[in-house]
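2 protein chains.
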Amino acid sequence: MEGKKIRNMEEFASVSGISRPTLSKYFNDPTSVRDSTRKRIEAAVEQYDYRPNLYAMNQNRRLTKNIGIVVPYLADPFFAEIARTLEDHVLRTGYRPVLLGSHGRPELEIENLENLRLIKPAGVLLAPLGRVSDREQIEAFCKEVPTVLFDANIDGVGEAFVGSNNDQSIGLIVDYLCRTGEPPAFFEMETPTNPNAYKRRTAYLAAMERLDHKPLLIQAPGEGWEFEEIGFQEGSRLVRDKTLPTDTILCSNDRLAIGFLSAAYEAGLRVGLGPGCALRVAGHDDHPFSRYTCPTLTTVSQDYEAIAKKSAETLLQLIEAGSPADSREETLFEGRLIMRGSA
Amino acid sequence: MEGKKIRNMEEFASVSGISRPTLSKYFNDPTSVRDSTRKRIEAAVEQYDYRPNLYAMNQNRRLTKNIGIVVPYLADPFFAEIARTLEDHVLRTGYRPVLLGSHGRPELEIENLENLRLIKPAGVLLAPLGRVSDREQIEAFCKEVPTVLFDANIDGVGEAFVGSNNDQSIGLIVDYLCRTGEPPAFFEMETPTNPNAYKRRTAYLAAMERLDHKPLLIQAPGEGWEFEEIGFQEGSRLVRDKTLPTDTILCSNDRLAIGFLSAAYEAGLRVGLGPGCALRVAGHDDHPFSRYTCPTLTTVSQDYEAIAKKSAETLLQLIEAGSPADSREETLFEGRLIMRGSA
DNA sequence: TTTATATTTTTACGCGCGTAAAGTTTTATA
DNA sequence: TATAAAACTTTACGCGCGTAAAAATATAAA
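Protein chains in written order, with the numbering used here: chain A, 1 to 343; chain B, 1 to 343.
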């Protein structure tokens with residue numbers, strides 16, 4: 001640290017011997033100046049510990065280096081994990097991730113987008129709440145800010161969509177379950193909050209039809225994001241009333257399955273495939289906790305890493321192109337069967 | 001929406017018939033203007049859909065309305081939950097929460113603080129990584145920005161600390177376990193990443209001494225934040241080698257316990273209190289998932305809501321006072337025993 | 001070395017808002 | 001209705017940086 005602190009770019013220009021416009025250019029994009037000057041600037045930055053004022057920078061730029069990341073529910077480990085991965089990718093490309101969770105509330109989702117608009121982000125990665133999202137407002141937002149949707153699609157909204165192929169992944173696990181035992185019933189929420197729920201239900205119905213089995217839907221009452229609790233309550237009720245239509249349950253997502261497994265355990269029902277097991281339970285997502293349930297949860301993984309990578313890359317291409325995509329690309333990644341103890 | 005869009009406060013002043021300085025005052029603090037003018041402004045804001053430019057606002061203010069919230073690991077539901085609660089409290093008081101996770105990495109923790117400094121926050125709520133935190137850098141930061149530590153204390157750093165009383169909570173569960181069965185062994189990580197781990201170990205040793213029992217420490221190898229995996233691995237090993245020193249295990253936190261329970265289940269060991277149970281397992285934190293383990297996890301709750309409320313309130317008082325606290329207040333909330341199936 | 005080209009410097013203005021100072025109007029209190 | 005206090009308006013300047021344009025310089029190609 002060399003003497004007193006630099007207060008602004010003007011001062012930094014004089015002590016570093018580089019003109020302010022060049023410095024400005026450098027801070028906007030380090031590769032836009034000659035190699036030799038870049039090195040001089042970097043040395044001076046190091047020496048004087050100078051960082052430009054973010055607010056003044058962003059005020060005058062038409063586009064900032066901010067990229068918004070909005071997920072429906074940060075307390076859900078699935079979204080926390082994918083958000084973390086996205087942050088990494090965004091940082092690596094020299095942008096600043098701004099992470100926002102919607103806490104499951106559509107108003108907050110819109111408020112998040114409005115707050116993002118205030119910070120003039122270069123682009124936004126949005127996993128919408130789904131069914132309850134305010135489509136109109138989101139659509140309006142996407143017209144102003146380059147946005148890539150991930151996890152949950154809203155038809156025609158945003159420049160692109162990246163997610164999982166629910167048809168394939170549900171098909172995969174239905175096939176597996178049918179091959180190794182009774183055809184599964186599908187366990188879901190009556191009015192699902194989970195964005196992909198309807199897709200999965202449809203995929204289940206299609207898969208069962210394809211295999212010539214009669215589909216069985218079990219719909220648990222309850223709202224909100226306490227999936228485990230909902231799975232637990234309805235699971236307990238089904239077991240208590242002995243109204244389970246089959247011995248194989250495919251849950252719409254792992255969190256429901258976690259609750260269901262807990263209910264089965266409490267009821268003394270042995271879950272798994274071996275002899276002596278009363279029930280098979282499978283999930284979907286390969287939730288971080290699914291390998292520690294009792295028994296460990298058989299499920300289909302979503303390719304977090306691939307989804308995050310593709311979303312970030314697509315958005316950056318869009319930003320650097322500087323123009324809307326000519327067509328709305330939808331990328332679906334395939335799920336992998338994760339065979340564990342529960343089915 | 002009245003015709004064309006307002007581009008700046010100047011324009012908004014002319015269409016609304018209120019002078020710019022007054023508008024500026026209003027946007028900085030709505031209660032600082034007369035009631036009648038506030039209503040006029042609010043009507044105009046509504047009518048013209050005007051919002052001041054955040055960057056221009058913050059550039060000239062010495063203090064922004066931003067409050068940083070930094071937690072060690074966002075993918076840990078415990079921190080996700082407390083972060084969510086903090087966000088709520090901050091929003092309610094008219095500030096803007098800026099949420100950052102350190103992904104368990106000390107460099108990232110420091111980088112988060114540096115990025116926060118760039119946005120000139122009014123204050124920061126920081127749950128440090130603990131042992132691995134760069135104390136010196138954090139201390140330097142706290143001297144520049146009013147900071148309240150929560151969850152994990154760093155002696156003398158920050159204006160205040162809010163957390164749980166580990167002595168009390170560990171004492172509580174040790175008492176309970178001793179009263180209802182064999183004295184517990186303490187299960188923890190060899191080199192704990194969890195910020196409160198050492199406090200809890202010390203509290204365990206003290207409690208056992210007080211009750212005239214010989215303390216038993218079990219230290220699992222492994223690093224990082226994959227606590228469940230570490231609990232699972234070491235749990236499996238202990239059961240396989242039959243080296244468990246007692247039938248009662250108190251885990252340093254619920255995530256370790258979740259892994260341990262999974263190991264016990266896989267090994268066919270029945271966990272719980274009744275006859276026919278080979279093992280009792282207890283945790284600490286009342287982790288969101290602890291009520292869905294098999295069996296459900298007996299644990300000590302941390303008072304999330306109280307910790308969040310007190311932290312936010314303390315910081316806001318500090319900010320509004322505009323001066324450092326005359327003494328560093330430490331507030332500890334007591335844990336409650338949550339009796340479930342596992343012990 | 002000369003010449004064409006790419007970078008940098010100089011100069012100058014603008015962004016949208018904070019805020020101080022002095023003058024004017026409104027409101028509260030009597 | 002007079003009077004003091006509070007709130008507002010007018011005027012003016014500054015914040016730290018983006019960026020355009022013209023001139024000066026460095027680099028690469030011939």
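No wet-lab data here; the hints were simulated from the structure.
All residues carry an ideal CB built from backbone N, CA and C; glycine is no exception.
Careful: at least some of the hints might be erroneous.
Claimed, not checked - Reference listing, derived: stretches of chain A covered by chain B, where coverage requires no fewer than 3 residues with Cβ under 8 angstroms from a Cβ of chain B:
1. 121-131
2. 233-246
3. 317-329
To be verified - Heads up, simulated DSSO-like pairs for lysine-lysine below, C-alpha to C-alpha not over 27 angstroms straight-line:
4. B:Lys39 x B:Lys120
5. B:Lys5 x A:Lys143
6. B:Lys39 x A:Lys65
7. B:Lys25 x A:Lys120
8. A:Lys120 x B:Lys5
9. A:Lys242 x A:Lys309
10. B:Lys5 x A:Lys65
11. A:Lys5 x B:Lys65
12. B:Lys309 x A:Lys120
13. A:Lys143 x A:Lys120
14. B:Lys39 x B:Lys5
15. B:Lys143 x A:Lys5
16. A:Lys39 x A:Lys143
17. A:Lys65 x B:Lys120
18. B:Lys25 x B:Lys65
19. A:Lys5 x B:Lys39
20. B:Lys242 x B:Lys120
21. B:Lys309 x B:Lys242
22. B:Lys143 x A:Lys120
23. A:Lys25 x B:Lys25
To be verified - Chain A residues, not near chain B, derived (Cβ > 10 angstroms throughout):
24. Glu42
25. Arg84
26. Glu182
27. Arg201
28. Glu228
29. Phe289
Here is how each hint holds up against the structure:
1. 121-131: violated (count 0)
2. 233-246: violated (count 0)
3. 317-329: violated (count 0)
4. B:Lys39 x B:Lys120: Roughly 30 angstroms between the alpha carbons, so the hint for Lys39 of chain B and Lys120 of chain B is violated.
5. B:Lys5 x A:Lys143: holds, 17 angstroms
6. B:Lys39 x A:Lys65: Answer violated: Lys39 of chain B to Lys65 of chain A is near 36 angstroms, above 27 angstroms.
7. B:Lys25 x A:Lys120: Holds, at roughly 24 angstroms.
8. A:Lys120 x B:Lys5: holds, 17 angstroms
9. A:Lys242 x A:Lys309: Roughly 45 angstroms separates the two Cα atoms, so the pair is violated.
10. B:Lys5 x A:Lys65: Holds, at roughly 25 angstroms.
11. A:Lys5 x B:Lys65: holds, 25 angstroms
12. B:Lys309 x A:Lys120: Status violated; Cα separation ~31 angstroms.
13. A:Lys143 x A:Lys120: Holds, at about 13 angstroms.
14. B:Lys39 x B:Lys5: holds, 21 angstroms
15. B:Lys143 x A:Lys5: holds, 16 angstroms
16. A:Lys39 x A:Lys143: violated, 39 angstroms
17. A:Lys65 x B:Lys120: holds, 18 angstroms
18. B:Lys25 x B:Lys65: Given pair Lys25 of chain B, Lys65 of chain B holds - Cα atoms ~14 angstroms apart, limit 27 angstroms.
19. A:Lys5 x B:Lys39: violated, 44 angstroms
20. B:Lys242 x B:Lys120: violated, 56 angstroms
21. B:Lys309 x B:Lys242: The hint is violated at about 45 angstroms.
22. B:Lys143 x A:Lys120: At roughly 31 angstroms apart (the allowed maximum being 27 angstroms), Lys120 of chain A and Lys143 of chain B break the hint.
23. A:Lys25 x B:Lys25: violated, 34 angstroms
24. Glu42: At roughly 17 angstroms from the nearest Cβ of chain B, Glu42 of chain A sits farther out than 10 angstroms, so the non-interface label holds.
25. Arg84: violated, 6 angstroms
26. Glu182: holds, 23 angstroms
27. Arg201: Holds, because the least Cβ-Cβ distance between Arg201 of chain A and chain B comes to about 23 angstroms, which exceeds 10 angstroms.
28. Glu228: violated, 5 angstroms
29. Phe289: violated, 6 angstroms
The structure fails to meet hints 1, 2, 3, 4, 6, 9, 12, 16, 19, 20, 21, 22, 23, 25, 28 and 29 from the earlier list, while all remaining hints are met.
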